[in-house]
Every structure is written in C-alpha cells, then in structure tokens.
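Trainee: Residue numbers (the working numbering), protein chains in the order written: chain P, 1 to 125; chain F, 126 to 307.
Rather than coming from a laboratory, the hints here were simulated on the basis of the structure.
Some hints here could point you the wrong way.
[What the hints assert, rightly or not] Reference excerpt, derived from the structure (chain P facing chain F, CB under 10 angstroms, subset only):
#1 4
#2 13
#3 14
#4 15
#5 16
#6 20
#7 37
#8 65
#9 69
#10 82
Heads up, the beta-carbon is just placed ideally off N, CA and C, and yes, glycines get one too.
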Amino acid sequence: MMSMDELERAICDLPLEEPPAGMRASILLATAYRPAPAFSFLDLAALGAMGAIALWMVVLLVLGGGSLFVHTLETIGATLSRALSNGATLAWLAAGGATALWLTLFTGSQPIALAPHRSERRTGR
Amino acid sequence: MRAEPEDGELVARTLRGDSEAFATLVERYDRAVYHLSYRTLHDVEEARDATQEAFFKAFRSLRTFKPGSKFSTWIFAIAYHACCDRLNRRKRYAGDELPDRADPAPGPEHQVIALDEASRLRAAIEALPEKYRTVVTLFHLQGRQYDEIATVLGLPMGTVKTHLFRAKEQLRRLLGGMEVTE
C-alpha cells in the first residue's frame, strides 16, 4: 500500500483541470478590461436633473405662455434669495458641505466596496 | 531579470486603477479556481460560471481584501462559497448532495479502475465523500497550509486535519483496492 508521503506527493503532483477555452477572456472582459461606462452616476444624475428642469420649463411655456414662465422664475429667484439671506440657512448649508468634504477624505473617489463575503465575516478577515 | 510582483502588490495596483495588475491575478489563479469549482460541482459549465462569478465578486470587493492576507485563500473562499450556493440551489430543485458542512453521509464509492497512476488517483478522489474531496482538492491547491484550507472552508483547523487524515486513509485503501467502510 502507498505510504502517506507518497500519497501526498501524488496528490500535489496531479495536474490541474484544464479550464474551458475562452474562460479567461470572458473573466477579463467582465473585470479588468470591462469598458468604462460612458457616463458616471453623477453625470447621469446631473443630466437627469437638467432634463427634468428643461421639461418643466417647456410645460410652463406651453400651458401658460411667457407670463407664467417669467412669473415662476421670479418666484423661484425670490425664494432662493430669501433663503440664502437667512443666517441659519447659510449655517446649515455650510455644516452640510463641511461634513460632505470631511467624508470624502475617508472614501476618496472610490466606489463604496461591497459588504465582505460571509466567509470573510465568519473568519474575521 | 525582474521578479514577479507579489499578489498583494497586484491588488494594490488594481485598486489604483491598473487593470493589467488584475489581469495578472486572473492569469495566475483562474486555472486553480476552475479546478476547485470543477471538483466541487462536477459540471464544466457550472464550474466555468462559478469561476467567473468568483473573479467578478473579487474584483468588485477588492477593497475589502486585507493587505498581508493571501489572495489565493481569499479567491478560493469566494469560489468555494459560489459553488456552495450553486449546490444549494441544485439541492433545492433536485435533492442533490451538499458539500462538507451539511453532508455527514459518505458519497458514492466507485470502483477504482486500473488506469495510469494519475487517473487512478483522480478516480479515487472522485469516490471520496464530498467533504473529504473538497479538503483533498484544497490540499492539492494549497499544500500543507491547513490554516488556509480552514479559512477557505470556514471550518476549525482540527476538523480540516481530521478530514484530510481520513480522506488520505480512504484514498490509500481505494488505491490499494480495498473496500472502504465508514
């Protein structure tokens, strides 16, 4: 009968299974060589917001003509200037901006990583 | 001659945006990960999918990889759990065998046919119960690093050593042409 050492050597000398053709290429295409998206999340959010505002303005123009459009813009401008001249509002805005800036120091521009796999959680890795 | 970069360095480079570094990691480990997946799942297509899934998950969560730990252990653990998920799904639909953690029953005991030595050994490993087969497969991939095998499987190191000892005993008996009883 084969000794334990001989058996261990035989196991370690076994050649690995040959993976199917094209497997490596498909892994690389899904990971390292994945084409970068044309727009980032922030780009898409900004484009969406601008599109929504443009649509809203078109609806205002179509429904109420030029006077409603001008009146709406004046109302928005007046509300914004009132809010920004308020000291408390400015203080809250500054606090929010500072917090966001502080958080970016920790996360940088990297996407937030996924939660660790349960195997890593269990072993504390 | 330039030395091959360490896995940890390749991970760090990938995190800095160097896609070639991750490609090197894939080239280094795709065959071993596929081997583990195939030995666990016994299906070429599923093993291929599990391997792809493992690398995809690793790529997306690379920031959770701890510097100083072994990339091979990490990717094997991800692949092993991807395989377990697939086996669980299979079991749900077909009552299939579950590996290791949930499988106290011995697997099929095929007659080890007399082929060349490597084929006989492969056939003997195939004949092992799932929990022993996985430990032997990881022993093949990781050598005597029992702590790494334990990390991949999420088992205590003592259990890994016991499984491996019993697996080797069964292999010796199978290769010696004796009946296995457990």
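Trainee: Evaluate each hint against the coordinates.
Mentor: Quick rundown of the hints versus the structure:
A distance limit of 10 angstroms between C-beta atoms decides the matter here; for residue 4 (chain P) the minimum to chain F is near 6 angstroms, and the interface restraint holds. Residue-level restraint check for residue 13 (chain P) holds (minimum Cβ-Cβ distance to chain F is 8 angstroms; threshold 10 angstroms). Below 10 angstroms, beta-carbon pairs count as interface contacts, and residue 14 (chain P) has one with chain F at about 6 angstroms; its hint therefore holds. The criterion of a C-beta within 10 angstroms of any C-beta in chain F is met by residue 15 (chain P), whose closest approach is roughly 7 angstroms, and the hint holds.
Evaluation of the residue 16 (chain P) hint against chain F yields a held restraint, the C-beta minimum of about 4 angstroms falling below 10 angstroms. Hint status for residue 20 (chain P): holds, given a least beta-carbon distance of 5 angstroms to chain F, under 10 angstroms. The restraint placing residue 37 (chain P) at the interface with chain F is violated, with a minimum CB-CB distance near 14 angstroms, outside the 10 angstroms limit. Annotation: residue 65 (chain P) was flagged as interfacial toward chain F, and the flag is violated, the nearest CB pair being 52 angstroms apart, outside 10 angstroms.
About 46 angstroms separates the beta-carbon of residue 69 (chain P) from the nearest beta-carbon of chain F, more than 10 angstroms, and the hint is not met. With a least beta-carbon distance of about 44 angstroms to chain F, the hint placing residue 82 (chain P) at the interface is violated under the 10 angstroms criterion.
Violated hints, listed in ascending order, are 7, 8, 9 and 10; each of the other numbered hints is respected by the structure.
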